[in-house]
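Undergrad: Chain by chain, the residues:
There are 2 protein chains.
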Amino acid sequence: MKFKVLSIFLVAVAFVYAQKPVDYVNPFIGTSNFGATNPGAIAPRGMASVSPFNVAVEKDAGWLSNPYVKQNTFLTGFTHVNLSGVGCPDLGVILTMPTTGNLKTNHMEYGTTYTDEVSSAGYYSVNLSKYKIKTELTATTRVGVSRYSFPAGESNILVNLGLGLTNEQGAMVKVVSNTEIEGMRTVGSFCYNSPEHAYPVYFVAKFSKPAEEFGAWKKPRKYNGVEAQWMTYNGKTRLMKGYTKEVVGDSIGAYMRYNFKQKTSVEVKIGVSYVSIENARENLEQETATKSFEDIYTETKAVWNKTLSTVEVEGGTTDDKTIFYTALYHTQIHPNTLNDFNGDYPEIATGKIGNTKGTRYTVFSLWDTYRNYHPLMSTLYPAQQSNMVNSMLSMYKENGWLPKWELNSTETFTMVGDPAPVVIADTYLRGITDFNVDEAYAAMVKGATQLNNNPLRPGIKEYWENGYLSVDGGGEGPVSSTEEYNISDFAIAQLAKTLGKKDDYKKFYNQSLSYRKLFDKKLKLMRPKNSDGSWYTPFDPYKGANFEKNVGYIEGNAWQYAFMVPHDIKGLMKLMGGKKQFVSHLDYIFDNNQFDMANEPDIAYPFLYNYSKGDEWKTQQRVQQLIKTYFTNTPAGLPGNDDTGTMSAWLVYAMMGIYPVSPTTPVYTISTPRFTSMTIHLDTTYYKNKKLVIKRTGDLDGKIKSIKLNNKVVQGYFINHQDLLNGAVLEIKMD
Amino acid sequence: MKFKVLSIFLVAVAFVYAQKPVDYVNPFIGTSNFGATNPGAIAPRGMASVSPFNVAVEKDAGWLSNPYVKQNTFLTGFTHVNLSGVGCPDLGVILTMPTTGNLKTNHMEYGTTYTDEVSSAGYYSVNLSKYKIKTELTATTRVGVSRYSFPAGESNILVNLGLGLTNEQGAMVKVVSNTEIEGMRTVGSFCYNSPEHAYPVYFVAKFSKPAEEFGAWKKPRKYNGVEAQWMTYNGKTRLMKGYTKEVVGDSIGAYMRYNFKQKTSVEVKIGVSYVSIENARENLEQETATKSFEDIYTETKAVWNKTLSTVEVEGGTTDDKTIFYTALYHTQIHPNTLNDFNGDYPEIATGKIGNTKGTRYTVFSLWDTYRNYHPLMSTLYPAQQSNMVNSMLSMYKENGWLPKWELNSTETFTMVGDPAPVVIADTYLRGITDFNVDEAYAAMVKGATQLNNNPLRPGIKEYWENGYLSVDGGGEGPVSSTEEYNISDFAIAQLAKTLGKKDDYKKFYNQSLSYRKLFDKKLKLMRPKNSDGSWYTPFDPYKGANFEKNVGYIEGNAWQYAFMVPHDIKGLMKLMGGKKQFVSHLDYIFDNNQFDMANEPDIAYPFLYNYSKGDEWKTQQRVQQLIKTYFTNTPAGLPGNDDTGTMSAWLVYAMMGIYPVSPTTPVYTISTPRFTSMTIHLDTTYYKNKKLVIKRTGDLDGKIKSIKLNNKVVQGYFINHQDLLNGAVLEIKMD
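In the order they appear, the protein sequences are chains A and B.
Under full-length UniProt numbering, the first sequence has 37 at position 37, and the numbering climbs by one with no breaks.
Under full-length UniProt numbering, the second sequence has 436 at position 436, and the numbering climbs by one with no breaks.
If you are wondering where the hints come from, they were derived from the structure by calculation, not from laboratory data.
You can trust all of the hints, since none of them are fake.
You can't tell identical chains apart in this list, so a pair holds if it fits in one copy or across any two.
Dumping the calculated DSSO-like pairs for lysine-lysine here, alpha-carbon to alpha-carbon at most 30 Å:
#1 K174 / K352
#2 K245 / K352
#3 K70 / K134
#4 K695 / K20
#5 K357 / K245
#6 K397 / K461
#7 K352 / K104
#8 K461 / K241
#9 K241 / K174
#10 K397 / K241
#11 K733 / K613
#12 K59 / K219
#13 K241 / K261
Working from the sequences, and respecting the hints, build out all of it.
TA: The structure is reproduced here in structure tokens:
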């Protein structure tokens, strides 16, 4: 009996301390195994975030896309603009570092090991071993906030603008007063592309305690030539004590110095902006003004809790809740806010400063996110999704083209395909229609049909002429690109149909099936073709897994792209020779290590068994197995790059028991809900009901016995988007 | 008869075209033989100047202190802030370059040979051979103005912020519109000193014709490490077409591009400021507004003519007039204006922005200029001299110390000694008293007596204890420094006497004779001593000529410093053993190649014969010989570095026939006037008479037979400053 009382007590404690969604967020998930997330502090969709930076040692030794790796041990500061879950290095700059004792500016000298890391939504803290400084981080949308608790004695706060994750160089810094530093840092060339579009991020840093000494430092380029003999300072770091003018260069920084009589906390607020130092200052003032670290964290935590409470769950383990809410948290990082508090933002391509009344979103990794992320936003956060579509349309207005992989108003042209039409059409077809659909339609048709100087669709001419991109046609990953263009053309067709454009519908729908020309009936797989129509030989359908370079495919092999025609699964099934062959193929992929959970092309595959009556239990089994294998409450708890929330969106859907298996076919396919009950609070601006409840009765590992929507039995495993969201209760009974 | 008519006609032409002082200026004088002047366009005491830059090839190969060398042939642009006649590299930045055809940003590629150089006061023009572009330059005080006459076709104007004379690196540039570029460039570490005080110069460039295309470029540091394999752009120049954000880095620039249907001129105005971009823009607006190149040049030329017309000459050859007015022109370049049009200027040491109602002057090369330059300014331009003293006192207020070698509000601590008291006391003793003399006196006493942490007088403790700096005492050039401190202490003594501070007078006067302790009676020369009082051995009095490093002396040897106690020539004569030995020593120096016309310590020596009755003819002879040898109407027509006008001031005085042989003894010593008549228009704010006329009758190469001031015979070869300037006519009759 004693034991039972105790366990009730423990449950009660857990209830008190971890009852709210926000309390289940574990930002360490994804900080190892190339998840590329970071445990730093951020507000939902924040422009600013503060991440510990512990990759200085390995940064130049490889392709590193994140400021933090859990298993690393050498911390060199905290960066104030960061990307989460991406596959290329950029940002990771405006680095601060508290130290004690003599001033050191070389990160290899001042870096330290650390202990006692704590991270939750909007908060991170760590103890710096060398200095006995506790560092705590929080953030508002545009301001990173730090609290450094120093021991008594000499202390320093560095603002290091040399070190960063980006490979761009160049910064400016100016000490404004003994409580303020302003400056800018050049970032860009994401994925080693478009270095000519590298751009500035501006900042203003305010310190809660006036420095007793301040200054800047600069380590200039080493000078060669005869003159260097007179330059005793050649290539050495210069400390510029009391300096208050602009310092520019590649390896520069500024510092504040103190001598504390007793333990003292200093709060540092850093406002950022992609427009100007003035705007960075205004962002700082408007969002944090006289608020303390505590005030700010309390507010940010509350905002996080409100955001995450869109979905409330019951049942499931603490780990289930943790991976679920952390995934939901990861879907609320990118796309993020680009505009300043006053609405200003840098336009794409024009060089002008635009102004927006809503939010101008940025970081659109559309090749990833069109598949499930944006449908999820349409389901859970339709106002955000609407705003994102409007941001994409603004980009079109500015740039003349819809975005492909947009980052801070630069088009990085990363990855292949033309995913924007899928996102926009899918949004519209899910009933989120508060954007200019005619303009959107014109934009997508332009991208899909302009044959010359089309930056979105390389190889477009042969695509329209022959139906596919050829190996020798110059386009990248010709099979992958053909499939991507097909998906996009299907999206345009669906929207055309809805808008009553029958001819367009036919044209784009027909084109969306052109992948069939690449189907090799012998192999029962898509296979690259030469421009003369012959098959590319020799061909190895296994080549291309694990990001191996290969002819035909982008980041995958023939198996991983075998089913990537979600809009024509039934057609594909026929091509393959029917249900049996289709399922056998699917099984082959899963059972022979050809399924890649870490990348997007095949992530819908576990749900495809639902297209084969009688095999739906395999979807249920595969999905639960994949969750168990790849998604855990550990730093390695993501299968790979989170891809700006795409992997997390997969998990959220998979745990909800529904999946948008074919974007622009606004239908969900059903698998096992992870929780016994989930309440989704719907946005009544877009949906009729206030909430949707998804219930599971019976064993998680069982097979689905029945599906009821509002007490009516659902035939099959597909439910229309509107039916689901206007239904009130989805009940799934397990065997 | 025909011949005679023609020659009268020629004279008439010469009269029409070259009658005014401004027309005699040949800015090519000093552009070879290390004169370090440049032929660019500048207004009197301009902050901005525009100089052709033709030293890109040799820049890093040696110690090069000027943006232009006459015999060079490869021009890579036009720089907008420049130093004239100095011995160390700095400034020479904000470089523009017009080109045609494809855009090239590497100066080794776009550089060109050139022809048809023309230079006059406030104007320079050249034809760029490769491009057939005529470039013309002019300037106002704070704005450099260029007119590029392009042939039809593609044309470019580069603003290159990478290349420069300074060894500092780092710049920012931003294209504001198709007619405007703004930015900043880091300069500093003059004489390879104080790199930690490197500072920005800001600019705004306005183009008279809107560019059809514009952009920026950046050549980043080459990236090492594994990551570089993905950076196809590693270390390459990036062209950023249409880019309108800030670009920062070491090797950057911006460009405007045109395609002209016909020959077209573009005027470019570049306002500069040491305070801010906003001030640079205001300087540009206020000084040039809507004025054309022609308007501006006409005005600047008129200002030059007015300035130079302070002295009007008759007689002498055209070359005589040319070297005279060019020398006078060279005295009106530095010290130059530091403050913006609105009065703002960067204070020294405080990091603050000050504001002045008068002119804040900068570039005080006081080790050079105290000897004759500032007395000349007191004679000819007393309002300027007063303003310069007030600028020096402002520096004292800001910095706590009088300047030593001040450059754009940085103290470069170049050279030795403590020259500011000499300049200030000399000014006061010449009757220019409109400054706070009490404060000035306190400032000089502080510099002369503060024993600890005294940046002006290294070795001050042993100087006051033993009367001299010792070889092992740590001070630089101990004999030179002792002599310099003596001269300075004499200056303080003279001012103390005038202010009625008798005790101070005695103290400083006594100390001013302490050099005598270094007089080796055997050698009859000053000689370095050890701190124990023993002579430094082995000692070679010839070592140290031609800037050879040596123990005891700075930029000179024992012979060149043998007479550098101008305040105690009679005492020195006694030490040497009397008149005969004194003159024999002087002769030895001149006859045995120990006189260095190219450096300051001995430049008064030719006038010292006047201290020996009966030997004055030697002064007359030596001075005329030196003028003939070293000062010519050729690029090599200065003996060496102009030293911010010091060499030119020597020439002006020498040609006027008067020389301020001992600063702070307000006396001129007499030699042969070069012209038969000179009219010096006096500033009646400071002097009673409107003008002083100096007349010479008889042969230039003859000996002086009589000297009359206002018809009264002058006994000896010395005339008091007040007597001379309040006299109306000085008549010198030659044998």
